[in-house]
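Novice: Here is how the chains run, residue by residue.
2 protein chains.
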Amino acid sequence: MAVYTHVSAEALAEFLTRFDVGELVSAKGIAEGVENSNYLVETTQDRFILTLYEKRVAADDLPYFMALLDHLAAKGLPVPPAIKDREGREIHELEGRPACLIKFLPGVSLSHPNVAQARAAGEALGAMHQAVADFPLDRPNSMGFESWKPLLERCGESLDGIAPGLYRDLDFALGDLAETWDRQGLARCAIHADLFPDNVLMLGDAITGVIDFYFACTDIRLYDLAVAHAAWSFDTTGEHYDEAVGNALIEGYSQSFPLSEVEHSAFHDLAVGACLRFTLSRAWDWLNTPADALVTRKDPLAFWRRVKVYDPDLATLLPTLA
Amino acid sequence: MAVYTHVSAEALAEFLTRFDVGELVSAKGIAEGVENSNYLVETTQDRFILTLYEKRVAADDLPYFMALLDHLAAKGLPVPPAIKDREGREIHELEGRPACLIKFLPGVSLSHPNVAQARAAGEALGAMHQAVADFPLDRPNSMGFESWKPLLERCGESLDGIAPGLYRDLDFALGDLAETWDRQGLARCAIHADLFPDNVLMLGDAITGVIDFYFACTDIRLYDLAVAHAAWSFDTTGEHYDEAVGNALIEGYSQSFPLSEVEHSAFHDLAVGACLRFTLSRAWDWLNTPADALVTRKDPLAFWRRVKVYDPDLATLLPTLA
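One line per chain: the protein sequences are U and Y, in this order.
Under full-length UniProt numbering, the first residue of the first sequence is numbered 1, with each subsequent residue one higher.
Under full-length UniProt numbering, the first residue of the second sequence is numbered 1, with each subsequent residue one higher.
Simulated from the structure, these hints should not be mistaken for lab results.
Honestly, I wouldn't trust all of these hints.
Which copy is meant is left open, because identical chains are indistinguishable; a pair holds if it fits in one copy or across any two.
25 angstroms max Cα-Cα, derived SDA-like pairs, lysine to any residue [what the hints assert, rightly or not]:
no., residue 1, residue 2
1, Lys298, Leu12
2, Lys103, Asn288
3, Lys103, Val25
4, Lys298, Ser8
5, Lys55, Glu87
6, Lys308, Leu259
7, Lys84, Phe172
8, Lys75, Val262
9, Lys149, Asp85
10, Lys298, Ala11
11, Lys55, Val25
12, Lys75, Pro197
13, Lys84, Gly175
14, Lys84, Gly156
15, Lys55, Gly161
16, Lys298, Glu10
17, Lys55, Pro81
18, Lys298, Gly96
Because the structure is a prediction, the values reported are computed rather than measured.
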C-alpha cells in the first residue's frame with residue numbers, strides 16, 4: 001500500500017511514447033494494490049493506472065492475469081484491461097520492473113456495502129464465472145487449500161502469540177476441512193479469489209469496476225463466492241454478521257449463475273476454508289510485519305471469528321472461538 | 001509519503017456534501033506530501049486534493065498557510081487554494097484530523113529540471129515574493145537559523161555514525177555562519193522555504209503549480225532563493241553542481257525581483273545555511289527512521305556536500321568534506 005519504485009516524470013513521459021495515448025499531464029503515486037507500485041496517470045487523452053509489479057506478483061503470471069482481463073473485458077464486463085502499445089504488447093518493463101499501463105475505471109471502493117450493493121457484486125461475480133466458461137488458460141491457486149497446512153507450519157507456535165491456542169485450533173479446523181474439501185466434485189473455473197469490497201468500484205449501487213486480479217487462478221468456482229461472502233458480510237472485527245448483505249450476495253450470484261444442490265450444501269465448508277485462508281495469510285503478515293511499520297497489519301482473528309457463523313458446531317470445539 | 005488516515009468512500013461522499021463541488025466519482029490515496037494523508041478526489045464537477053493533516057503540520061498553522069495560498073491565488077499565481085464550503089470555511093475536520101479540500105493542479109514534478117525549467121521556477125519564486133509585499137500575516141520559521149543549533153545537539157554524537165567527524169564539522173560550520181547570518185539586514189517576507197523540484201508542477205517548460213506550502217513562514221527573502229538553488233542545481237548525491245541550472249534559477253528570479261548588491265554578496269552564506277538546514281533535518285530523520293521502514297531515508301550528506309560549491313574555503317576546514 002505504498003509506492004515502492006519511483007518513476008520520474010521524465011521516464012514516465014518517455015514510457016508513454018510507446019503507446020498511442022497522448023502526452024503526460026499529471027502523475028500521482030497511489031497507495032493501492034497488493035505490494036505493487038501504482039501511479040494514477042493523466043495524459044492529454046485519458047487517464048490510466050500504471051502498475052509496476054513488485055515481489056508478490058511473479059512476472060511469469062502476468063500473461064495469465066492480462067489474458068483473463070482481456071477475456072472478461074471483451075465480454076463487456078467492467079474490468080480494467082492493460083493498454084496495448086503500438087506493437088500490441090501489454091506487458092512492459094520500467095525501472096527494472098514488469099509494468100502495465102491499465103485502463104482507469106471510475107468508482108469508489110465501499111467500506112460498508114449495503115444490500116443492493118452486495119447483490120450487484122454477487123451478480124458481477126456470477127457474470128464473470130459465466131464469462132470464463134471458454135477461457136482457456138489455467139493457473140494453480142498459490143493460496144489454495146494445499147498451501148494452508150504448509151503456511152500454518154511456517155507460522156508455527158508463534159501463532160499462540162496472537163491468541164493462546166491458535167496454532168492447535170487452526171490445525172484442528174484444517175484437519176476437519178481436509179475430510180470434505182475435495183469430495184464434492186465441485187465445478188472449477190478461473191476465479192478472482194480476492195473479491196473484497198476493496199476490489200470492487202461502485203457508483204451508487206452500480207458496479208463500475210472489478211479490479212486487482214492478482215490472486216486470480218483456477219479453483220473451485222463456489223470458493224470465489226465463499227471468499228466474497230466472508231469479505232462482504234461482516235464488520236471489520238468479524239464479530240458481527242450482516243445476514244441481509246450475505247444473502248443478497250448469494251442471491252445476486254444465483255441470478256447470474258444458479259447454485260446446484262451440491263453447491264448449496266458445500267457452501268459453509270468452503271466459507272470456513274475462506275476464513276482459514278485469510279486468517280493464515282494475515283497471521284503470517286502479522287508475525288512478519290514490525291508493529292511500527294507503515295503498512296497496516298490486518299487482524300488475523302477478524303477472519304477466524306467468522307467461523308462461528310459458518311460452522312457453529314466446529315467453533316464449539318475450538319477454545320480460541322469460545 | 002503514505003496514507004496515514006483512511007477515509008472511507010462513504011465518509012468522503014458525506015464530507016463533499018458540505019461543498020458545492022458535485023458528487024464523488026473516484027478517490028485514490030496518493031503518496032505525496034510531508035507526513036500528511038492525501039487523496040486525489042474526482043467529483044461529477046472537478047478534481048481535488050483532499051489533505052488530512054497529520055502530526056507535522058500543526059492545526060494552529062493552517063490558517064496562515066491557507067491565507068497565504070488565497071493571497072497568492074488572488075494575484076494569479078499558480079498555487080492551489082483550499083476550496084471554501086457553502087459557509088465560506090476552508091479548514092475542516094475529517095476522521096479526527098484537520099482537513100482541507102484543495103484545488104487540483106495539472107503538471108508533473110521533474111526529477112531533472114533543465115535550464116529553461118529552472119529559469120521558470122526562479123521567475124515564479126520572484127513573482128511570489130513580489131505578490132506577498134502586502135501579505136499581512138507572520139509565521140516564525142520553525143526550521144530557521146535559530147533551530148539549527150538545537151537540532152544539531154538533539155542529533156548529537158550519533159551524527160558520527162553517518163560520517164565520522166560530522167558532529168564537529170556541522171558545529172564548526174554553524175559557528176562560522178552565526179557570525180554573518182543576521183548582519184546584513186536582508187529583506188524579509190513570506191517565503192516558501194522548501195521549493196524543491198518536487199514542489200513545482202510543470203508541463204513542458206511552463207509552471208502549472210507551486211505546491212506544498214507547509215514550511216512557509218516569514219524569513220529572509222533571499223534564503224528562499226538559496227534553498228531553491230541548493231535543491232535544483234545538484235544531482236541527488238550533491239557531488240555534481242549544474243552551474244547552468246543554478247544560474248538560470250537566479251536569472252529567472254532576478255527578472256521578477258532584482259537582487260540588491262548586499263543580497264548578491266550574501267547569497268553564498270545563505271546557501272550554506274540552506275545546506276545545513278537540510279543536512280540537519282535529513283540527519284535527524286535518518287537517525288530516527290528504521291533502515292527497513294517504508295519511508296525512504298534521504299541521504300543527509302547529499303546536502304552537506306553542496307557546501308563545497310557554496311563555500312570552498314570553509315569546506316577545506318571540514319574533514320568530512322575533504
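Novice: Against the earlier hints, flag every one the structure doesn't satisfy and list their numbers going up.
Specialist: 2, 5, 7, 8, 9, 11, 13, 14 and 15
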